[in-house]
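> So you can see what is in the structure, the chains are spelled out below.
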Amino acid sequence: MKELRNVRRELHYFQLRLGVAGALVLAAFAILFGRFFYLQVIQHQYYDTKAEDNRISIVPDPPNRGLILDRNGVVLARNYSAYTLELTLSRIPDLEGTIDALSKLVDIQPRDRRRFQKLREESKGRDNLTLRSRLTDEEVAVLAVNRYRFPGVDIKGRLFRQYPLGELASHVVGYISRIDDRDVEKIEDSDQAGNYKGTDHIGKTGLELSYEQALHGTTGFEQVETDASGRIVRGTSVRALAPRTPPVPGNNLVLTLDIRLQEAAERALGENRGALVAIEPATGGVLAFVSKPGYDPNLFIDGIDPLNWDALNNSPDHPLNNRALTGLYPPGSTFKPYMALAALELGKRTPTQTIFDPGYFMFGNNRFRDDKAGGHGYVDMYKSIVVSCDTYYYTLANDLGIDNMARFIGQFGFGAKTGIDVEGEFVGVLPSPEWKVKRFKSTPAQQKWFPGETISVGIGQGYNSYTPLQLAQAVATLANDGVMYRPHFVDYIQNPITGERKYVQAQSLKTIPLKAKNLEIVKHAMVGVNKEGTGARAFAGAVYVSAGKTGTAQVIALKQGEKYTEANVEERHRDHALFIAFAPADNPKIALAVLVENAGFGARAAAPVARKVLDFYLLGKGVDKPAAPAPKLVPQATEDDDGED
Amino acid sequence: MTTARIRQLLERFAAKIDGPLIAIVFAISGLGLATLYSAAYQSPGRFAAQVLNMLLAVALMWVAAQVHPQMFMRLAVPVFLAVLLMLVGVALFGDVRNGARRWLPLGFASIQPSELMKLAMPLLLARYFHRHEAALRFREYAVAFAILIVPTAMIARQPDLGTALLVAAAGLYVIFLAGLPWKVIAAGVTAALASLPILWGVLHDYQRRRFLTLLDPTSDPLGAGYHIIQSTIAVGSGGITGKGWLEGTQTHLEFIPERATDFIFAVYSEEFGLIGASLLLVLYLGLIMRGLMIAANAPTFFTRLLAGSITLTFFTYAVVNMGMVSGLLPVVGVPLPFVSYGGTSLITLSLGVGMLMSIQYHRTLVQT
Chain A
1 MKELRNVRRE
11 LHYFQLRLGV
21 AGALVLAAFA
31 ILFGRFFYLQ
41 VIQHQYYDTK
51 AEDNRISIVP
61 DPPNRGLILD
71 RNGVVLARNY
81 SAYTLELTLS
91 RIPDLEGTID
101 ALSKLVDIQP
111 RDRRRFQKLR
121 EESKGRDNLT
131 LRSRLTDEEV
141 AVLAVNRYRF
151 PGVDIKGRLF
161 RQYPLGELAS
171 HVVGYISRID
181 DRDVEKIEDS
191 DQAGNYKGTD
201 HIGKTGLELS
211 YEQALHGTTG
221 FEQVETDASG
231 RIVRGTSVRA
241 LAPRTPPVPG
251 NNLVLTLDIR
261 LQEAAERALG
271 ENRGALVAIE
281 PATGGVLAFV
291 SKPGYDPNLF
301 IDGIDPLNWD
311 ALNNSPDHPL
321 NNRALTGLYP
331 PGSTFKPYMA
341 LAALELGKRT
351 PTQTIFDPGY
361 FMFGNNRFRD
371 DKAGGHGYVD
381 MYKSIVVSCD
391 TYYYTLANDL
401 GIDNMARFIG
411 QFGFGAKTGI
421 DVEGEFVGVL
431 PSPEWKVKRF
441 KSTPAQQKWF
451 PGETISVGIG
461 QGYNSYTPLQ
471 LAQAVATLAN
481 DGVMYRPHFV
491 DYIQNPITGE
501 RKYVQAQSLK
511 TIPLKAKNLE
521 IVKHAMVGVN
531 KEGTGARAFA
541 GAVYVSAGKT
551 GTAQVIALKQ
561 GEKYTEANVE
571 ERHRDHALFI
581 AFAPADNPKI
591 ALAVLVENAG
601 FGARAAAPVA
611 RKVLDFYLLG
621 KGVDKPAAPA
631 PKLVPQATED
641 DDGED
Chain B
646 MTTARIRQLL
656 ERFAAKIDGP
666 LIAIVFAISG
676 LGLATLYSAA
686 YQSPGRFAAQ
696 VLNMLLAVAL
706 MWVAAQVHPQ
716 MFMRLAVPVF
726 LAVLLMLVGV
736 ALFGDVRNGA
746 RRWLPLGFAS
756 IQPSELMKLA
766 MPLLLARYFH
776 RHEAALRFRE
786 YAVAFAILIV
796 PTAMIARQPD
806 LGTALLVAAA
816 GLYVIFLAGL
826 PWKVIAAGVT
836 AALASLPILW
846 GVLHDYQRRR
856 FLTLLDPTSD
866 PLGAGYHIIQ
876 STIAVGSGGI
886 TGKGWLEGTQ
896 THLEFIPERA
906 TDFIFAVYSE
916 EFGLIGASLL
926 LVLYLGLIMR
936 GLMIAANAPT
946 FFTRLLAGSI
956 TLTFFTYAVV
966 NMGMVSGLLP
976 VVGVPLPFVS
986 YGGTSLITLS
996 LGVGMLMSIQ
1006 YHRTLVQT
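Each protein sequence line maps, in turn, to chains A and B.
Take the first sequence: its letter number 578 is residue 578 in my numbering, and every next letter is one higher.
Positions in the second sequence are counted from 1; adding 645 to them yields my numbering.
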């Protein structure tokens, strides 16, 4: 009996333990269920997104970059498709060995290797790099057959940029090149990172840079399924994918630039270093924009190889410098028409008022020489511009004073950004006492403005320094009777699909209040320059009436009493030749500024260039047609000027 | 032969088979095969191999069900000693696979003796307690712990933490059910908690990493955390209804590692969702409850302890595996019972079920 009770008690005891275990089981299963509920219901969205992220790779479909066309539809920048050989670094264990093996199949020059090496260093973090572009059909065939041997090596069809005209207008169009770290920062700052997935190139200079956003377009996207090792799954997907978003091609740029005129201007400048900017005065549209020497922008697209880079970068001619936009030069005597206008507007001179020019102007103990020994004799305003009399402007500068000069002439845009639609333009220097204080902030001793400095500023020397673009804008504003337009290259931006055009409106910046009578006097004198003055030889026989002004800008200062003799001066220290002009004089269609570096007299080196460009634009005349011999209307057909001692 | 004769033969054939148990095992195995078909889509041979494994397992289950519990008790000591000897053999001559010495080459085949220990351990301990049923004192429990610790330590050293865990659990369940005083349990739990830092020092680097990555899988997303992250994503992305059979993206794009074996539950949950996971929980719960019921009705102390321990071992398998796959427990090599691909554990599990059936069938035939 006792034993039986014991057995029953033991059984009871055991079942209690089983009960405890059963409770434990239930508790554990409840926890598991709770966990599943948490993952599959509460957090389902989160994990579903994760699974989709795992499975779906977004393959960007980069858009076609817009074209750049001149005003007549001539293509300046276009795209063509070609095959490239691309390496995915993360999938290639032995890079050198792979490249060596590939070089047995396709042509891989040491140059390609160097460029690839540079690309690797510059594009840290990018996994996919191009080893060779523009593969031939044979190379594509050979690679396709051997592809299984090279994991991580792909042949891709890509669009390439091409500048079919090469050097022509290279500084205007600019170029695109590989996206580098700085570009990446810029792209991220402008919130464009998504749009540049799949884009390798970006505008680096010129219009390619400043109209990057319009040209680039919108990247399309396609979803693909990838497995855990990152391979794209071919055939049907495990689950449905979102439909493809096609790319939207970039817009075309249609310029105001006339590429034939540009070519005429570049040929007219020849082998000289220099710049030319031609503007349509009524709109501000740039007709020609030359900086010589140029360069072939095609070299930069896939990363310039070091040899070409050294050649361009170390050339003493600095072909990469955009002289028209960033070259700073004293305007020389091309400054005088504005001085004359200032005198008239501020009542410091009447047109008929004359001075006597003995060949020099004495200021204190300093003698400011006129270039013509013995002087021009009695000189009124008309003659002062036609023969480019320095003495007239020495005295005028003294009478006007630096503040008046800076204030009045500054209205024409001297020493200020023009607001042209490319990046990087230089400001230059419109000299004034305020400017000098700012300029010599760290050396107060040099801040003082000397009255003698005013005298040389009066003939466009001294601290004066402006870009050829500013000179062109100023003369265009003068031609346009004081109505100033923002210079621009792009006429309109065109949607390549709809054809819809977005015009860059001619933007009137301001109207300088000028008396018509005074404008007439100055313009008349500038017409005189080309008819019977310093520009007469260059414009002999022209069938249109043009207005101009020569200028010669000194590169090095001469010692007191020293005479400038071209032959005695090293070439790069010789004077720059300048010319500003507009035509036809009564209804200007074109205004331009020409600068020829170290070419000496403006009349001899710059004015003929202007003549050829104006002929071409107004008459469609070939630039190589020799001009008729110059009639001798004025005894000395050359002009020159001189600076302060 | 008449149909009556055939029926009679069939009835005799199935007489010792427990209906609820076999139904549940077949249901789980069916789900398992369907899941394996999806998980092993790249190696269809595995599906066929698993079908053969299951046939063999069912046969062994039937055989075990025919054996009288008395025979189990008689075999307990020799089986235990034989398996222990094999473990020594493994330590001395074992094959190293995947960095662990677990396999004993027998010439014609290799076996994993540690797997057999999952049954040998509860058999021996149940027999030991049965023998000393009348007077269980501290000494008996201490001896039981000593018996438990030797093979567990040997298996853990192979290293095979998952199997060691299951062997230890099987033994501990026997000791617990035999009536280990609550005071001792409380003291043991306290001591275990206190010795955690010491245990930490004994663990292998990879084992430590598994625990650390459980706390923060993202700390090592491509290394040790990868398994947990990807299987958790699979489970979570399955949602309520699942992505559908053969349509799990985590599975079919190879994001789930070990998806046919230890991580097969991730495949199952991804494709069948919370509904499928709940169904499987219910089936396991049914299996365990039926097992506990058999234990509760078992006639002898030996059969009670054996049935209880085997049943709770099933529970351990299921909870550790599902907890691991869903990111609750560290990654330990424990298969999901009747679902994971692999013959060895399937055979042990089926023998266990067969023993439960035998105990159930013979409950009234044995009188103490």
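Since the hints were derived computationally from the structure, they do not count as laboratory data.
For every residue, glycine included, the Cβ atom is placed at its ideal position computed from N, Cα and C.
Treat the hints with caution; some may be incorrect.
So the derived list for chain B, only partly shown, Cβ under 10 angstroms to chain A, looks like this [said to hold, decoys possible]:
1. Val712
2. Phe783
3. Glu785
4. Ala787
5. Gly824
6. Gly870
7. Ile878
8. Pro902
9. Glu903
10. Leu919
11. Arg949
12. Leu950
13. Ala963
> Quick check: which numbered hints come out false for this structure?
1, 2, 3, 4, 6 and 9
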